[in-house]
Each structure stands twice: as C-alpha cells, then as structure tokens.
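Residues per chain, in single letters:
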Amino acid sequence: MATVRKVLPQRLVGLVTVPANIVPTPVKIKLIDMLSKAGLPVVEATSFVSPKWVPQMADHAEVLKGIQKFPGINYPVLTPNFKGFQAAVAARAKEVAIFGAASDLQRFDEILKAAQAANISVRGYVSCVLGCPYKGKISLAKVAEVTKKLYSMGCYEISLGDTIGVGTPGAMKDILSAVLHEVPVTALAVHCHDTYGQALANTLTALQMGVSVVDSSVAGLGGCPYAQGASGNLATKDLVYMLAGLGIHTGVNLQKLLGAGAFICQALNRRTNSKVAQATSEL
Amino acid sequence: MGNVPCAVKHCLSYQQLLREHLWIGDAAAGALEPAQESAQLSGFPEYVKIVEVGPRDGLQNEKVIVPTDIKIEFINQLSQTGLSVIEVTSFVSSRWIPQVAAGATEVSVFGAASESFSKKNINCSIEESMKKFEEVVKSARHMNIPARGYVSCALGCPYEGNITLQKVTEVSKRLYGMGCYEISLGDTIGVGTPGSMKKMLESVMKEIPPRALAVHCHDTYGQALANILTALQMGINVVDSAVSGLGGCPYAKGASGNVATEDLIYMLNGLGVNTGVNLYKVMEAGDFICKAVNKTTNSKVAQASFNA
Numbered sequence: 001m002a003t004v005r006k007v008l009p010q011r012l013v014g015l016v017t018v019p020a021n022i023v024p025t026p027v028k029i030k031l032i033d034m035l036s037k038a039g040l041p042v043v044e045a046t047s048f049v050s051p052k053w054v055p056q057m058a059d060h061a062e063v064l065k066g067i068q069k070f071p072g073i074n075y076p077v078l079t080p081n082f083k084g085f086q087a088a089v090a091a092r093a094k095e096v097a098i099f100g101a102a103s104d105l106q107r108f109d110e111i112l113k114a115a116q117a118a119n120i121s122v123r124g125y126v127s128c129v130l131g132c133p134y135k136g137k138i139s140l141a142k143v144a145e146v147t148k149k150l151y152s153m154g155c156y157e158i159s160l161g162d163t164i165g166v167g168t169p170g171a172m173k174d175i176l177s178a179v180l181h182e183v184p185v186t187a188l189a190v191h192c193h194d195t196y197g198q199a200l201a202n203t204l205t206a207l208q209m210g211v212s213v214v215d216s217s218v219a220g221l222g223g224c225p226y227a228q229g230a231s232g233n234l235a236t237k238d239l240v241y242m243l244a245g246l247g248i249h250t251g252v253n254l255q256k257l258l259g260a261g262a263f264i265c266q267a268l269n270r271r272t273n274s275k276v277a278q279a280t281s282e283l
Numbered sequence: 001m002g003n004v005p006c007a008v009k010h011c012l013s014y015q016q017l018l019r020e021h022l023w024i025g026d027a028a029a030g031a032l033e034p035a036q037e038s039a040q041l042s043g044f045p046e047y048v049k050i051v052e053v054g055p056r057d058g059l060q061n062e063k064v065i066v067p068t069d070i071k072i073e074f075i076n077q078l079s080q081t082g083l084s085v086i087e088v089t090s091f092v093s094s095r096w097i098p099q100v101a102a103g104a105t106e107v108s109v110f111g112a113a114s115e116s117f118s119k120k121n122i123n124c125s126i127e128e129s130m131k132k133f134e135e136v137v138k139s140a141r142h143m144n145i146p147a148r149g150y151v152s153c154a155l156g157c158p159y160e161g162n163i164t165l166q167k168v169t170e171v172s173k174r175l176y177g178m179g180c181y182e183i184s185l186g187d188t189i190g191v192g193t194p195g196s197m198k199k200m201l202e203s204v205m206k207e208i209p210p211r212a213l214a215v216h217c218h219d220t221y222g223q224a225l226a227n228i229l230t231a232l233q234m235g236i237n238v239v240d241s242a243v244s245g246l247g248g249c250p251y252a253k254g255a256s257g258n259v260a261t262e263d264l265i266y267m268l269n270g271l272g273v274n275t276g277v278n279l280y281k282v283m284e285a286g287d288f289i290c291k292a293v294n295k296t297t298n299s300k301v302a303q304a305s306f307n308a
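Chains as they are written, first to last, in UniProt numbering: chain A, 1 to 283; chain B, 1 to 308.
Just so you know, the hints here were simulated from the structure itself, not pulled from any lab data. Remember, predicted model here, so these are calculated numbers, not experimental data. Careful, some of the hints might be misleading.
Computed list of lysine-lysine pairs in BS3-like fashion (alpha-carbon distance at most 27 Å, straight line) [what the hints assert, rightly or not]:
id, chain 1, residue 1, chain 2, residue 2
1, B, K49, B, K71
2, A, K94, A, K65
3, B, K131, B, K120
4, A, K30, A, K256
5, A, K83, A, K148
6, A, K173, B, K199
7, B, K198, B, K173
8, B, K198, A, K173
9, B, K49, A, K173
10, A, K52, A, K94
11, B, K206, B, K132
12, B, K173, A, K137
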C-alpha cells in the first residue's frame, strides 16, 4: 500500500561543518538549484548568522537572492536571533527556522510575533532530543515541554534532532510517545544523525509512529563537530532509497539527486557519505 | 576541525558519554542490564544471537589476503567478546570431508534463490545444488554435525533483478526439509528495504518457523539496520554480521558489504535486547583487523569512538 507522504526537508546546514575551505557562493547556488530540480519540496538554503561565528554562511543574502525559486518549493533560512530575522526578511525570505533550547525560548518570542505579522512561516528545531554532548541523557518531559512551547508560540513544525546520533529505535519511540501527548504528529519532523549508523533505523521507527517529515542532507554532508572523523547527517539518497522501497511517495528523482551529490562532493573534494551513491558510482 | 566553538572542547568525552548511555552498556559486565520488559512490550525479541561472519565472509571478500596467524589472532579476540557463533572459514570444494577431519563442528551449505546466481556462483542449477546439499547435510547429520543453510539473493539478484517470493520460500523450505537447523536469508547485494524484507519473511514464515530463520543483510545501500529492525519486529532473533563491516560487495565496486557487528550491537543494546556480547571488545577486535589489513573500518560506531 503506497501512502502519499508529504515533504522531505533537505538540510544544507551540513555545509556549515565542512572544515577549511569556504564553499564559493556560485557553487552553493548551483547545488541548491540542482536539489530543486531533483524534486525536493524543501531546501534549507542558508543561515542568517553573524559571519563572525560562522564565516561559511557569510554570503547568506547573496545565496538567497541568487537561487532559482521554483514554485511549490520552500527555501527556509535559519535565523538565530532577531537581527538575523530582520536580515532574512530584507532578503525576502518566506520561511525561517529557529533553534530551541529550554532556556532561551523567550528571545524567539520577538521573531515569532514579527514573523506572524509578516506572514512568514517559522519552523522550530529542538536539539539533543536523544542525548546531549554536555549533559548526557535528556529527560523526555523536558523535550516534550520545549516542543510544546515552540508549537504554542507559533512554529508550524518542530524538527526533533538527534544531534549527536546516539539514539536508537527504542529511544526514538519513547521520545515521540512523550512529545505526541503535547503536539500533533502532523507538526513533527525528525532530524537523525548517523554518527553511530542508527539514522535510518531511527527514521523508520519515526515513520511507523506517523511522522511524515524527515530531514536529511545531500551526500550526508556535515560531519559531527563533537566526534572528529564521525559522520553527521543522514544521506538523502539512502533515505529516498528506503522510502521508495516502502512505496512511500516523495516526489524526489533519485538520479537527479545523485547528480547533485556528485557535484557537491567534487566541489568539496571529498567522498560522499551516501551508501547508495557509493554503490552506484562508476568508480 | 574548523570553526568548532571552544565550548565543545569542554563537553563530555565521548567515552564517558557512551558509558553513561544505555546503548553501550557496561564494559566490564559485557552484557546489558536487561531492559527486557521494554524490549518485549515493543515487540522485539528478548535475546538475539549474533552470527559473526567476519573471519569467513568478511575476509573472503577483502582484497588483501590475510596471513594465517593474523586470522587466528583475530578469531581468538572475537572469542573473548561473548559472541556465541563465529563463522571461521570455508572449504569451497564439494569434498567437504576435509572439514570434518579438520575438526569442524558445523557445516554450511549455500543455496540461492536465483538460477543465474546459482550457476555463476557454484556452477550448477538450483535443483542440482539441492541434490548435492542433501548428500552433505545427510552425512553431516549422521555424524551429529549440524548444518546451516544459506539462501542468497533473497531480496534481489545482481543478474536477474527481482526474485519471486515463491522461489525464496521454495529454496528455504527445501533446505529446511533436508535437515538444516537454521536458514540464513541473505540480501546478497543489499538492495532490500524494510518493505521487501517484510514481504519476504511473511512468505517464508508460512513454511518455516521464525526460530529456524536468520537474516544476513548487506549494507550496500545503507539499508541493513533498518531491514534487520524489521526482521526483529517480525520475530527473527538470529542476525549475521561482520565486525567492522568487513567484506566489500563483489558486485558493486567501491560499495560496502556486510553490516558492521558493532553498529548492530549498538542498536540492540539501545533496544534493550540481550546479546551476551561486549561491544568494547568487539570494537577492539575490529580495530585490530583493520590495522592488519590496512583499511578503514566500515563501522560508524567505531569511526565515532576511535577518532574522538
């Protein structure tokens, strides 16, 4: 039975954690255009963060203005604070994303109110839902509380992130069970990291519980800054492969996606993290 | 590492983090504190037997030929981990008597659900192979030696593409009927996904009880753990894997092959499923063999832990 599923956000913040070389703006723009042509319904384009903190994203306004905006595709941008939000609005962003941690939700109040007034959608991210590099285990109640808060403040969707990839299917099930008491499943997404190879299994569990929005990154870009040498994001191709095998509709063209992955890996001079790409490449 | 904020450097060391988490378990005890209640409530088996195929399947498919003394040391290390089954070596000739003379305590027969694969791999049709296996298994049972049956291409064939459920079921049933105590269903080229795994198992389980089945998933397309998870949810509790994910895929150059034992144990620990295996010791054995064959591990758990 094929179920029509909704969107597959494609997270490009993976480019932030690539060390050393800063990716040239035209390369970023071309990558995003290729991803749009591959049929991804959501492509997170850039981050309006201070260049002092993240020089890799200094060209945020240029990127957002330079990409082709295909109809039916969303291009959210990260806005870590109100100043970033204002810059994003000036660059004509239609959707923004904020990162929620328990202590600092208040500062997002300003963004959410302004976004609502300007008819701009806001997506919320909750990090470390299955484990934190500083605190270890995180309580289910805390995650549910933060998620609920972001939702009630006006985020249309909350992406639950296994930031250091320590989660396993059992833990994913527990966290979703807790969160689903507070927020409807239609407003949830999962963002699994593959640091311990668990991402796809965790994502499958989330799908079995009714989640239908999954974050991933082309070629599995973006290492884990907390464990040198470890992988980070789930590779979009591997995710699409599984969903296609399950008969779940995504609207994504795997061949074109492979092309986008090959392009960026060549530009970054690095090997893909996607197993599907490795298996199908003509090496 | 580029622009990593200095706060990160003060975070918990990965080793400490992992020890505190359910998913690694106690290094000294070796096995996890059984959270069996939650495992059972979630529809997972209480215990999963891991069949370690690294020394045989893994090394057979690596380009480097490993010296015998290294193989022995590798197997000895694996024997200290708690693994109850370690597939040691293979005698590919049909004259299997030397195996018994060499002290083999179990034999394996390799069937395929694809005619083309059977012909290319063992140079005979499925029917011909079954007749040969019948002889082997019969004699083995006579000597009280258990026989394990393997079915290759259970979820797809590199030559024929899709394989029918009926064929996989028929071959599995044949092997079981002739006396194999366990049938390992292999996704030889790793093309399977949870959906196809479910359908295949539903079909095979009509003829063979789940306790006599195992899954042997390849990670060529990154689907292995998701496929294994599905199999577990259906009642399978024997899983083949290879330490460090040894053994590439001979059908897709550059592609990975076996699922890494470390990553499998990590998942099972997190699910509260008992394996009796010490993940740290497996990681050490994996580190040893990777250095010996001069290759990087295919295990994500190892990559995350050894480079931290």
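Quiz item: Are K131 (chain B) and K120 (chain B) close enough, with their CA atoms no more than 27 Å apart?
Solution: holds, 17 Å
Self-check item: Pair hint outcome, K49 (chain B) versus K71 (chain B) [Cα-Cα no greater than 27 Å]
Solution: holds, 23 Å
Quiz item: Is K49 (chain B) close enough to K173 (chain A), meaning Cα to Cα at most 27 Å?
Solution: holds, 23 Å
Quiz item: Is it true that the CA of K173 (chain B) sits at most 27 Å from the CA of K137 (chain A)?
Solution: Roughly 46 Å separates the two Cα atoms, so the pair is violated.
Quiz item: Taking only the CA atoms, is the gap from K173 (chain A) to K199 (chain B) under or equal to 27 Å?
Solution: The hint holds at about 23 Å.
Exercise. Quickly compare the C-alpha distance for K206 (chain B) and K132 (chain B) to 27 Å and report which way the hint goes.
Key: holds, 26 Å
Quiz item: Are the Cα positions of K83 (chain A) and K148 (chain A) separated by 27 Å at most?
Solution: Holds - the C-alpha atoms of K148 (chain A) and K83 (chain A) are around 25 Å apart, at most 27 Å.
Self-check item: Restraint status (C-alpha distance of K94 (chain A) to K65 (chain A) at most 27 Å)
Solution: holds, 12 Å
Quiz item: Given the hint that K198 (chain B) pairs with K173 (chain B), does the C-alpha gap stay at or below 27 Å?
Solution: holds, 18 Å
Quiz item: Taking 27 Å as the top limit, are the C-alpha atoms of K198 (chain B) and K173 (chain A) close enough?
Solution: Between K198 (chain B) and K173 (chain A) the Cα gap is close to 20 Å, so the pair holds against 27 Å.
Exercise. Decide if the proposed pair is consistent with the structure: K30 (chain A) and K256 (chain A), CA atoms, cutoff 27 Å inclusive.
Key: Satisfied, since the Cα-Cα distance of roughly 13 Å is no more than 27 Å.
Quiz item: Is the Cα-Cα distance between K52 (chain A) and K94 (chain A) 27 Å or less?
Solution: holds, 25 Å
The earlier numbered hint that this structure contradicts is number 12, and it is the only one.
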